[in-house]
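Protein chains: 2
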Amino acid sequence: MEFGKNNTPFSKAEFSQRLAKTRVRMEQAGLDVLIVSDPANMNYLTGYDGWSFYVHQAVVVGADLEQPIWMGRGQDVNGARLTTILRDENIRGYTDDHVQSTTKHPMQFVAQVLRERGLDKGVIGVEADSYYFTGKSLDVLRAELSNARIEDAGVLVNWVRTVKSDPEIALMNEAARITEKIMQTAIDTIGVGVPQYEVAAIIQATGTRGVNGYGGDYPAIVPLMPTGIGTSCPHMTWRDEPFQAQTGTTIEIAGVRHRYHVPMTRTVFLGTPPDKMRHAAEVVLEGIAAALDVAKPGAGTRDVHAAWTRTIERHGLFKDSRCGYAIGLNYPPDWGERTLSLRSTDETILEPNMTIHFMPGIWLDDWGIAISEPLRITQTGVEPLCSFPRQLFVK
Amino acid sequence: MEFGKNNTPFSKAEFSQRLAKTRVRMEQAGLDVLIVSDPANMNYLTGYDGWSFYVHQAVVVGADLEQPIWMGRGQDVNGARLTTILRDENIRGYTDDHVQSTTKHPMQFVAQVLRERGLDKGVIGVEADSYYFTGKSLDVLRAELSNARIEDAGVLVNWVRTVKSDPEIALMNEAARITEKIMQTAIDTIGVGVPQYEVAAIIQATGTRGVNGYGGDYPAIVPLMPTGIGTSCPHMTWRDEPFQAQTGTTIEIAGVRHRYHVPMTRTVFLGTPPDKMRHAAEVVLEGIAAALDVAKPGAGTRDVHAAWTRTIERHGLFKDSRCGYAIGLNYPPDWGERTLSLRSTDETILEPNMTIHFMPGIWLDDWGIAISEPLRITQTGVEPLCSFPRQLFVK
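Those protein sequence lines, which keep their order, are chains A and B. So the first sequence is numbered by the numbering used here: it starts at 10 and just counts up by one. So the second sequence is numbered by the numbering used here: it starts at 10 and just counts up by one.
You may find that some hints are simply not true.
As the list makes no split between identical chains, a pair holds if one copy fits it or if it spans any two.
Unchecked claim - Computed list of lysine to aspartate or glutamate pairs in EDC-like fashion (alpha-carbon distance at most 16 Å, straight line): (1) K328 to D106; (2) K130 to E153; (3) K14 to D375; (4) K328 to E11; (5) K404 to D197; (6) K21 to E207; (7) K328 to D105; (8) K21 to E75; (9) K130 to D41; (10) K113 to D355; (11) K190 to E295; (12) K14 to D129; (13) K305 to D374; (14) K285 to E250; (15) K285 to E36; (16) K404 to E295.
Worth flagging that the hints you see were computed from the coordinates, not collected in a lab. Every value quoted in this text rests on a predicted model; they were computed, and no experiment measured them.
Please take these sequences and the hints and turn them into a complete structure.
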């Protein structure tokens with residue numbers, strides 16, 4: 010890596026296109042300026058990559074600015090110089106006495122830079138409900154930018170991200186190879202008496218080592234592996250206890266390449282699964298097949314959800330949560346993009362190169378099962394990003 | 010794990026003490042109700058542990074409530090039943106159509122529960138600048154709770170966490186053994202030609218496998234390992250490229266036990282370090298020694314900072330950022346507790362069983378060095394939590 014080089018996996022032309030698409034949406038929303046706080050959106054627009062989102066930072070897009078402006082902690086300026094495509098004058102660091110201080114707030118610095126650049130007027134959009142943009146950030150911006158109207162821009166940039174470019178799809182295909190390897194290794198490792206942490210360790214090492222000579226990036230969610238009664242809830246991690254006979258474990262992981270995620274879930278049963286679990290697995294597989302028959306450009310996310318729901322309800326099962334969401338570039342705490350969801354109230358129409366984690370998990374009172382597929386919408390239909398046996402695994 | 014059992018590492022009495030201390034601070038701040046959103050604070054007050062903080066959730070403490078109330082996504086209710094010490098009636102789930110929706114917001118549900126319990130009056134504190142409490146969350150609560158006054162409670166619960174109990178220190182001692190093992194393994198693995206991801210993989214696997222038959226938990230920050238010019242910035246992760254000869258690499262990791270972190274940093278140079286780096290290492294070590302001479306109950310955090318600063322400035326070095334912060338229980342994105350910082354403007358007086366990551370990193374224009382120590386303030390002084398050679402490593 011060198012200062013002043015493009016160290017990102019994308020061309021400068023690709024960043025220009027992303028910026029142009031963002032500006033179109035800003036114009037539609039009547040925004041003169043957009044303050045971006047979501048680390049994934051910051052990366053998407055500038056290339057910025059660093060674990061610095063535990064302090065306040067922002068990328069500002071102006072309708073008339075040639076490049077966005079990155080703002081963050083002073084000690085992260087060199088990281089921005091190394092990882093973004095921005096010129097030095099568009100990288101601005103605040104002094105360290107703004108960090109976790111009760112007297113100074115980093116959004117005061119952001120407002121000051123906006124004033125300097127004449128961007129403190131008109132309508133300024135913020136990502137009001139996005140990660141790392143706090144209530145205090147909003148209050149400080151309102152107080153500091155009294156010449157402007159502050160509006161919630163929602164997940165405007167996330168929507169630009171929803172349709173992937175070919176270079177993005179190429180990275181997701183690389184991530185998918187890592188996903189397959191992680192899941193195979195996890196299934197090979199799990200067994201009665203094996204400590205839960207051992208499987209988690211293998212998953213993490215395999216995901217980071219990658220495949221075919223390229224490494225994996227860290228996932229936005231750590232390995233989830235609820236076991237036994239824990240499978241009644243999807244978001245448990247691991248413990249010291251060994252896996253026990255006659256219990257199911259749901260393994261949810263993601264292969265990641267340059268922050269692009271391909272998640273996948275499988276349930277593994279150690280022993281002889283009860284009939285109700287075998288039956289649920291069959292129903293879930295039938296529901297996935299029904300959903301894949303429907304998913305294609307022009308169909309609605311709600312149509313995919315309906316196909317899934319009709320199938321499982323015919324068999325007396327019920328799931329009241331969404332059965333999928335957009336995936337791609339992300340940072341902790343979520344690999345979902347927070348745009349489209351597969352559910353009855355969603356109004357998204359599918360387009361080619363949308364990428365979705367179809368996640369038909371079923372969580373009942375004291376057990377659950379999940380078999381998922383990461384998908385890409387093609388020109389004419391849909392294809393799984395991974396090639397991995399779609400089944401309940403029994404060991 | 011079983012529903013209804015205390016599956017946490019702490020006694021119910023310990024949780025009662027935490028709640029009592031929180032109530033004292035609430036009373037001092039004039040708060041009738043406190044809405045807690047920081048996942049570490051939620052865990053601290055109830056035991057809740059799950060990777061569900063990518064959706065809105067809260068723990069509510071009422072001055073007159075016997076137990077806090079946990080609120081989160083419906084599919085995480087079973088996780089709350091498994092991991093918290095709360096009775097079922099104090100675990101409340103919202104429907105899935107609140108998740109990442111443009112029409113319903115989870116804080117509407119939180120407000121509704123407050124109304125049901127008669128807690129929608131008086132002064133309600135929120136953690137206005139804490140992780141995962143968004144601008145939109147604040148606006149929704151203000152709109153929904155118009156009978157109450159919403160105030161910023163700051164990091165009130167974080168301050169309760171700052172002085173550790175003996176059971177917490179015991180977990181941190183377990184974590185420290187993991188920290189030592191991770192760092193030793195990382196230093197053993199790094200070498201010219203070794204891909205960066207290989208060292209990251211080893212670090213993650215070692216941290217999760219733990220030591221002495223107990224496993225490690227996931228760290229709130231992934232392994233940081235800036236190398237070469239990257240060491241001019243502390244927050245870079247890893248890439249595919251192999252480590253190169255005649256470059257330094259700064260490795261920052263943490264061992265974690267039941268979410269309690271003990272972080273540590275060392276710089277490793279592959280080859281023959283330039284004189285300026287050897288000199289900087291000597292100065293840093295002298296600065297650490299000077300700071301440790303000062304750190305004890307009754308001293309101020311600013312005194313420790315001053316001892317460090319005086320030493321390095323005498324040698325012509327300069328660091329404009331804080332040189333340490335409180336550590337302990339945490340979730341991504343930060344293992345710091347966001348309370349005390351070692352810097353000239355901090356007013357904290359040290360007390361026994363405060364735990365601090367003394368992090369005297371120096372980041373210059375195109376290189377840097379960091380050698381850190383996780384510390385516990387004792388009854389009479391200070392002791393490192395880890396036993397690990399304090400030096401610049403040369404391979």
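Okay, the hints, checked on the actual structure:
For a Cα distance limit of 16 Å, the shortest separation of K328 from D106 across copies, 12 Å, qualifies, whereas the shortest one inside one copy, 49 Å, does not. Taking CA atoms no more than 16 Å apart as the test, K130 paired with E153 passes inside one copy only; the shortest distance there is 11 Å, against 30 Å between copies. Taking the shortest alpha-carbon separations for K14 and D375, only the inter-copy value of 15 Å comes in at or below 16 Å, while the best intra-copy value is 54 Å. When the C-alpha separation of K328 and E11 is checked against a cutoff of 16 Å, the pair qualifies neither within a copy, at 50 Å, nor between copies, at 23 Å.
Taking the closest pair of Cα atoms, K404 and D197 come within 16 Å of each other only inside a single copy of the chain (9 Å); across copies the shortest separation is 36 Å, beyond that limit. Within a single copy, K21 and E207 get their C-alpha atoms no closer than 42 Å, and across copies no closer than 30 Å, so neither meets the 16 Å cut-off. Taking CA atoms no more than 16 Å apart as the test, K328 paired with D105 passes between copies only; the shortest distance there is 10 Å, against 48 Å inside one copy. Taking the closest pair of Cα atoms, K21 and E75 come within 16 Å of each other only inside a single copy of the chain (13 Å); across copies the shortest separation is 58 Å, beyond that limit.
Taking the shortest alpha-carbon separations for K130 and D41, only the intra-copy value of 8 Å comes in at or below 16 Å, while the best inter-copy value is 39 Å. In this assembly of identical chains, K113 and D355 lie within 16 Å of each other by CA distance solely across copies; the values are 13 Å between and 41 Å within a copy. Proximity of K190 to E295 under the C-alpha cut-off of 16 Å is found in neither arrangement, the shortest distances being 25 Å within a copy and 47 Å between copies. For a Cα distance limit of 16 Å, the shortest separation of K14 from D129 qualifies neither inside one copy, at 31 Å, nor across copies, at 55 Å.
Within a single copy, K305 and D374 get their C-alpha atoms no closer than 34 Å, and across copies no closer than 51 Å, so neither meets the 16 Å cut-off. Neither within a single protomer nor between protomers do K285 and E250 lie at most 16 Å apart by alpha-carbon distance, with minima of 26 Å and 49 Å respectively. Taking the shortest alpha-carbon separations for K285 and E36, neither the intra-copy value of 53 Å nor the inter-copy value of 52 Å comes in at or below 16 Å. For the homomeric pair K404 and E295, neither the shortest alpha-carbon distance inside one copy (22 Å) nor that between copies (57 Å) is at most 16 Å.
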